[in-house]
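There are 2 protein chains.
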Amino acid sequence: MRVYNFAAGPSTLPLEALEKAQAEFLDFAGTGMSVTEISHRDKAYETVVRQAESLVRELLNVPEDYAVIFVQGGASTQFAAVPLNLMRGGKADYIVTGNFAKKAWQEGQLYGEAVKIGDSSDKTYTYIPDLDKLKYSEGADYLHITSNNTIFGSRYAEFPKCAAPLVADMSSEIFSREINVSDFGVIYAGAQKNLAPAGVTIVIAKRSLIQDPLKICPTMLRWKVQDENGSLYNTPPAFSIYMAWLVLQNLKDKGGVKAMQQQNEYKAGLLYDFIDNSKLYKNNVEKKYRSIMNVPFVTGSEELDAKFVAEAKKAGLVSLKGHRIVGGMRASIYNAMPVEGVKALIEFMTKFEKENG
Amino acid sequence: MRVYNFAAGPSTLPLEALEKAQAEFLDFAGTGMSVTEISHRDKAYETVVRQAESLVRELLNVPEDYAVIFVQGGASTQFAAVPLNLMRGGKADYIVTGNFAKKAWQEGQLYGEAVKIGDSSDKTYTYIPDLDKLKYSEGADYLHITSNNTIFGSRYAEFPKCAAPLVADMSSEIFSREINVSDFGVIYAGAQKNLAPAGVTIVIAKRSLIQDPLKICPTMLRWKVQDENGSLYNTPPAFSIYMAWLVLQNLKDKGGVKAMQQQNEYKAGLLYDFIDNSKLYKNNVEKKYRSIMNVPFVTGSEELDAKFVAEAKKAGLVSLKGHRIVGGMRASIYNAMPVEGVKALIEFMTKFEKENG
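Protein sequence lines, in the order shown, are assigned to chains F and Z. Using the working numbering, read the first sequence as starting at 1 and increasing by one per residue. Using the working numbering, read the second sequence as starting at 1 and increasing by one per residue.
A hint or two may mislead.
Identical copies look the same in the list; a pair holds intra-copy or inter-copy alike.
[Stated by the list, open to error] Below, computed lysine-lysine pairings styled on DSBU-like, alpha-carbon distance capped at 35 Å:
hint: 1; residue 1: K206; residue 2: K102
hint: 2; residue 1: K354; residue 2: K279
hint: 3; residue 1: K313; residue 2: K43
hint: 4; residue 1: K20; residue 2: K43
hint: 5; residue 1: K343; residue 2: K20
The set of hints was computed from the structure by calculation and includes no laboratory data.
Given only the sequences and the hints, what does the whole structure look like? Please build it.
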């Protein structure tokens with residue numbers, strides 16, 4: 001029996017995409033081979049990569065002068081790739097609004113002066129610093145942000161406007177809300193939340209910015225190389241790209257990013273409203289900055305939190321335990337989480353509150 | 001209908017492993033989730049990683065003081081990781097016996113003095129340089145070799161013995177023949193030939209060698225970090241590791257590396273014998289250095305080669321086209337290629353020779 005999976009990543013994927021992958025797992029597109037076995041130089045596979053790229057361009061309305069590439073690994077690898085591709089002047093700004101934002105900033109320090117110009121750790125990352133009060137460094141090569149904080153459940157309501165190119169890690173919210181790609185120099189996102197199984201990261205980068213990586217940048221981290229080779233410089237993470245292709249088709253069928261944003265706001269609205277009106281559960285994020293992807297909440301009692309997670313699992317609502325850094329619960333309600341899943345969670349929370357409130 | 005797939009990588013995988021993955025694709029181990037959806041912190045998934053590691057240790061008889069880790073990406077990423085983890089003295093030796101050996105050597109030059117102490121490009125990499133005549137650099141941090149050359153079909157019959165730690169890229173032959181791990185400082189292998197779908201690389205490294213990576217080494221390329229975290233420092237390429245686990249179980253069921261080596265030598269023997277006795281086909285690799293994984297051959301006519309590839313495909317023998325650098329044909333006969341596949345190929349070659357010889 002399939003469960004409702006609230007994991008933060010890897011996380012639930014659209015059932016239609018999984019079923020298609022399963023059905024053709026031994027024989028992809030009439031080739032007589034699994035998509036995991038087919039050469040990446042085979043036309044049938046090249047079509048997958050090209051169509052996946054086209055779908056990204058279409059669904060996010062990516063301008064022509066931006067590269068769209070699929071690279072190996074996760075966002076953590078890109079924490080190094082960002083400075084290695086962009087930090088030519090030796091200085092960049094970072095806003096630290098969560099665990100991964102902090103890791104990106106620390107990684108930046110390996111390659112130059114990584115200036116922390118904003119930090120919301122004083123209130124355990126439950127808000128985004130006031131953008132109007134930030135002091136951007138003169139001559140910074142870029143400003144790095146993490147647009148949605150998976151662990152703490154906060155997100156940027158709007159994005160910083162500064163002279164340096166804006167680089168955003170959108171791993172836990174890409175394709176969940178409409179964005180204007182031309183506001184960014186680089187967007188990158190590990191696939192394992194809204195896009196595909198782990199192992200691939202999508203990078204969307206303004207081509208003029210990525211022509212001159214640092215000399216010490218590993219070839220495989222050079223975005224320019226992957227762009228020039230259509231993500232096929234060497235063997236790509238073929239199955240993850242294939243699944244991304246299926247998920248993107250599914251997203252298009254469901255009305256694209258705009259429709260998905262509406263559904264995500266509806267789902268998150270249901271859950272936040274319920275929490276705010278409950279006497280047992282609490283979400284500590286400032287309302288303006290609440291994520292529509294990751295909803296952390298606590299009962300105020302660690303014992304009760306543990307009981308909640310265990311009983312929810314028995315009810316088919318799994319992976320609700322909060323990240324080990326914050327404890328409590330967290331419901332990740334990515335694109336692939338149906339409204340019914342959120343309603344089932346609220347129903348369970350209601351019952352649990354009655355029994356334990 | 002399943003075909004016989006002679007692709008060099010991604011390449012054919014054991015049908016039993018594919019069928020198991022397909023059967024449980026929507027519900028892994030009774031979790032109600034696909035293995036592509038499950039959190040890497042879930043016990044059910046941690047078990048996969050730990051068992052996959054154990055199987056590598058068991059099947060290759062890996063000494064206790066060696067790390068066995070699964071890292072993101074392919075061998076090309078490790079071309080940078082090798083110097084970034086090991087080149088503390090700023091100098092390393094490389095033997096260039098093929099396309100990927102050359103790429104590894106070129107990548108090494110980004111981080112220090114990469115000395116080419118051997119080179120077989122004068123005869124299009126159809127042999128391995130005489131190991132007794134090599135001049136190893138004094139104080140080299142390591143000696144890098146590519147043990148099997150996927151494109152040119154040559155391989156080391158025995159391995160160099162030198163003062164510096166031996167680092168071997170075994171992507172296209174790991175688990176195909178018995179090795180003595182303690183002869184090596186580091187072994188690495190991209191999965192997509194004998195192990196799993198693309199997206200993961202296995203690294204086997206003597207722990208004492210990997211404690212002090214260069215300061216500029218990206219965190220995600222630090223073998224020490226992955227070793228300390230049991231390959232779960234961050235989200236791993238979960239599906240590829242899962243498939244590796246299935247393939248390794250299958251390998252164990254079939255008698256392990258020793259049995260596999262016997263079968264591989266038998267398969268390769270059949271094919272080389274046929275080629276050597278034919279009037280139409282030719283393999284140019286020195287007999288002593290012939291790969292038992294990748295068997296390139298030519299007819300001597302480009303037109304006939306193209307006809308061969310096209311007609312073979314119609315007969316259900318696919319991906320036989322040689323690499324674009326060398327042309328002709330190449331039959332990659334990895335662990336998962338059954339004896340019947342090689343026999344079917346020989347049967348087709350016989351018929352084709354009669355019709356076109």
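Which hints from the list above does the structure break, by number from lowest to highest?
-> The structure breaks none of the hints.
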